[in-house]
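Here's the letter readout for the chains.
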Amino acid sequence: MSGTYTLPIGPLHVALEEPMYFDIKVRGETVESLGLSAGHVHRGMESLAMQRNYLQNVVLTERVCSLCSNSHPSTYCMAVENLAGILVPERAQYLRVIADEVKRIASHLFNVGIMAHLIGFDSLFMHAMEVREIMQDVKEGVYGNRMNLGACTIGGVRYDIDAEMNAFIRGKLDELKPHLEEIYGIYTTDPLILKRTTGVGVLPEADARRYGVVGPVARASGIAYDVRKKTPYCTYKELDFDVQWDTKGDVHSRALVRLREAVDSVSLIEQCLEQMPEGPTELEQFVAIPEGEAVARSEAPRGELFYYLRSDGSDTPHRLKWRVPTYMNWEALQTMMTGCQVADIPLIVNSIDPCISCTER
Amino acid sequence: MNEIAKQALESALNKALGPDSVYWNKDLNGNSFGWVRLADNDGLSRAAAALAGVSARLMVITAYRVDKYATYPGREIAYHFDLDGTVVTVTASLPTDEDTIPSITRWFQNADWHEREFMELYDIKVTGHPNPVRLFLDTNVEQGALDRLVPLSTMMNGACTKTLWEKVYAGTEMPDWAKGAQ
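Those protein sequence lines, which keep their order, are chains U and X.
All residue numbers for the first sequence refer to the working numbering, where the first residue is 1 and numbers rise by one.
All residue numbers for the second sequence refer to the working numbering, where the first residue is 1001 and numbers rise by one.
Hints in this document: simulated from the structure, not taken from any laboratory.
In this text the structure is predicted, and so the values were computed from the model without any measurement.
Treat the hints with care, as some may be off.
What follows is a set of in silico ranges between Cβ atoms, one per label pair, in the way DEER data are often shown [what the hints assert, rightly or not]:
| hint | chain 1 | residue 1 | chain 2 | residue 2 | range |
| --- | --- | --- | --- | --- | --- |
| 1 | U | Gly292 | X | Tyr1169 | 29 to 35 Å |
| 2 | X | Gly1128 | U | Pro277 | 52 to 58 Å |
| 3 | X | Glu1098 | U | Arg43 | 26 to 32 Å |
| 4 | X | Val1066 | U | Gly144 | 39 to 45 Å |
| 5 | X | Val1066 | U | Glu130 | 51 to 57 Å |
| 6 | X | Asp1042 | U | Glu182 | 56 to 62 Å |
| 7 | U | His179 | X | Gly1074 | 53 to 59 Å |
| 8 | X | Asp1042 | U | Gly144 | 53 to 59 Å |
If we take Cβ atoms under 10 Å as the criterion, some of the chain U residues that face chain X in the derived model are [what the hints assert, rightly or not]:
| hint | residue |
| --- | --- |
| 9 | Asn82 |
| 10 | Leu87 |
| 11 | Pro232 |
| 12 | Arg297 |
Glycine included, each C-beta is placed from N, C-alpha and C at the ideal position.
Only chain X is shown next, with the shape it has when bound in the complex (with noise of 0.2 Å):
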């Protein structure tokens, strides 16, 4: 384990987001990992400026539903950088689907592709984006296809419950029989 980067991580990540900011626990190889969760969103442009100027990488951004059957809103993106082998992962929150993230590729170039895709996968809004424009999926499937679109595993597994049937009749009146589903 590199304590130098581990203290380093910590001295900047604390002077921008306030003391105590970072978890910490080891795999059993004893590498570090350290743990932010934002209290704003205003704190990610803070722990991005601070993380570059300790010369920090960012590895990738993870976006994903709070709740994985989306029975209630919610969003989190887990930002993972790396400084000379410590991992620190800052996470932050979107209670609603009308919260919006700022972009940190002022910082961080290489945050331009790992943006648009949460952009694209999970139709997230992203503040600042140099260059807003679909990465994967084709023009003709629309932005939020892994956040909206019910899987089939899903459908076979859940066929019978009321939460499939909401999602199935989302926006629409839902029918009587599809009300009683446990």
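Just chain U, same shape as in the assembly (with noise of 0.2 Å):
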């Protein structure tokens, strides 16, 4: 006998109602290695795009995935209008971070919710969901979903921020800002949350670069990478914020990364609100899209996405690749697994932030 037993994970379970199948093997309580099967709800999205043209696109993507919505489309457009020489407004390009950053808090505060639930913590999970409640309030009253917003477009958006809109959200985010102080400070000091996360899931940051990992999974592990401010797009260049990172590389620092981030979110919305010229916020007529190929980033709420465009010169792409964070994560999870103990195995997972809808594109 070897003593090494095979638990199936998965699909239906493990952080999130999500279909992904892990194989893992263990030793008495602790996990020896892992194996993943994807594929089981694969939707071909990346040859519907092929078949739609550029500004059915814009709808197509912002449907890869729900808490990311505003990313994938926005993405989508820059690499459109990388190719086509489009200049997008300015008070557009600020009216796109608005909409990508208030989609980050809600993003952030849905992971550590989700976290302090599978650490057993379920008042702190109710209330981390209650205090996201607010920006979905602010997705509501300004684009009218709560979570496909639809507000970008090729060369704009397809929403306006006015008086009014300007002070319902400024007194949303003071509504939101002590909340999120709060639940930092339980992040850092509660011990039942010290005791189940520090120190778990560790990712050293040789591993880290070796997998290619993004976003807050690679910031927590020494990679101050963050596409906001490595190569600015839209109006990053103009705002004030720092890239949150940590060197621990385990379950709890990624957590406080994505809570560092959300408060650095709010504060990139107030400087938006603040400085946004006034002016139009689309095109006055669509550009033809001419034939060649371009790329564009933007850095969403698991980290940097990625768009590439070929084009024909017809109205629809030769072809349309994009590569979501989520997809660069996954493997990782083979060395922050490695050695840990199986109560602590939907943990580790949550704390990659896992998007199946986005890997399964």
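Since each chain comes alone in its own frame, lean on the hints to assemble the complex.
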């Protein structure tokens, strides 16, 4: 007898109800190795994108994922704009940043909320989700939807913020700020959270680089890479913020990076509301997309989002490829999980903020 | 824009592939994008080794048909790398369906999933991949689904074209009425 036992986990649980299959080999309560099986809900969206015209793809890409649903159309639009040399009006660029940061706050609060649930700290879970409702109200009030904002279009945005809406958002951010501070305080001091997350699921910097991980997973492992700073887009270079990072590379540090980023997002939205100039929010007329190829990147809540567009000059893309942050982060679970306890598996999986709908585009 | 990263990438690629191997352009925010088209696929390994040597990061790999509607053979594979914010895309060509491409997992471990994905979706043969098993689609779907299957919208839009019927009747005798379609 080898003493090794195979523990099939998934596809319908572990941190979230999305289908991903984990083939985990354990010895006693300790994980020895991990295999991943994807593909249970692969949707062939890249194939669909090649059959839809450029404007229809704005709608399609918004449906790649719900939590980072604004990052997809905005990055897709940037790829089209890069190829066609479209200059997006400055006000529209600020409005894109606002939409992205609203989504980032809601996404990060969802992740840390689920983490509390997995720890068994359900009162904190419910509190985090209740706090997140403040941003859901912003989404509903400004964009008319709680998840898909419909904010972006090629060459601009499809919404605007007037003085009344500006005041509404500021009021909501003021309401949110003390709650974020409180939650951050709990995550840094609560003995239960510290016991369950500190030193758990460690991803050393060398392994993070080897797997090419991105986003808060990379930043918590000492790679201070944030697309918003490295290759600024929209108006990020006009805005004041720091790249949040850490060197411990464990579940706890990944959560703290996300919470600090949520705090920064509040400031970014406030700066946009303050600095945003008057002016048009979209192109006066649509521009033909020329033949050629272009790349665009953004910092989605889960990390670097990449779009590659190849055009043959027709009204549908020759090829549209996107790579979501989670795609790069899955395999790093092999390092994070090896040697961990079975009870920590869901916490570690959740700490990469996995998105199956993104992976199975 | 990071000039140091751009120069490091250009120097490494020129050394591996010959002078002036990289074409550069910029987006309206001043971010640089490098483009390399390989003269032969042996150059992929040299380019990968050179890029690994300057600690570039593989971001993603994109495979596509040279002709979107597959009226003639040929695929291309675009490898997208990043070094400290500067992006370089290295493109390899596979003019015939028999052409193969070497794996770059030796230099970039994270190429594993990307290579398995294009093996599966475009039926491209990769040599030297350490774990060439299916990544996504159910095993009852044949390899090369994106490459081979006719999408419904193409069917609906092009229901009277010869191109469509050539695809439908590939490998068999095409009926006369289909031969006359424009």
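Verification of the supplied hints:
1. U:Gly292 with X:Tyr1169: 29 to 35 Å: Once the Cβ atoms are compared, 34 Å apart, the range 29 to 35 Å for tyrosine 1169 (chain X) and glycine 292 (chain U) holds.
2. X:Gly1128 with U:Pro277: 52 to 58 Å: 54 Å, holds
3. X:Glu1098 with U:Arg43: 26 to 32 Å: 31 Å, holds
4. X:Val1066 with U:Gly144: 39 to 45 Å: 42 Å, holds
5. X:Val1066 with U:Glu130: 51 to 57 Å: Between valine 1066 (chain X) and glutamate 130 (chain U), where Cβ atoms are some 53 Å apart, the hint holds.
6. X:Asp1042 with U:Glu182: 56 to 62 Å: 59 Å, holds
7. U:His179 with X:Gly1074: 53 to 59 Å: 56 Å, holds
8. X:Asp1042 with U:Gly144: 53 to 59 Å: 55 Å Cβ-Cβ, so the 53 to 59 Å window holds.
9. Asn82: With a closest approach of 5 Å, the asparagine 82 (chain U) hint holds.
10. Leu87: Cβ of leucine 87 (chain U) sits 6 Å from chain X, so the hint holds.
11. Pro232: 6 Å, holds
12. Arg297: Status holds, d = 7 Å.
In summary, the structure agrees with every hint in the numbered list given earlier.
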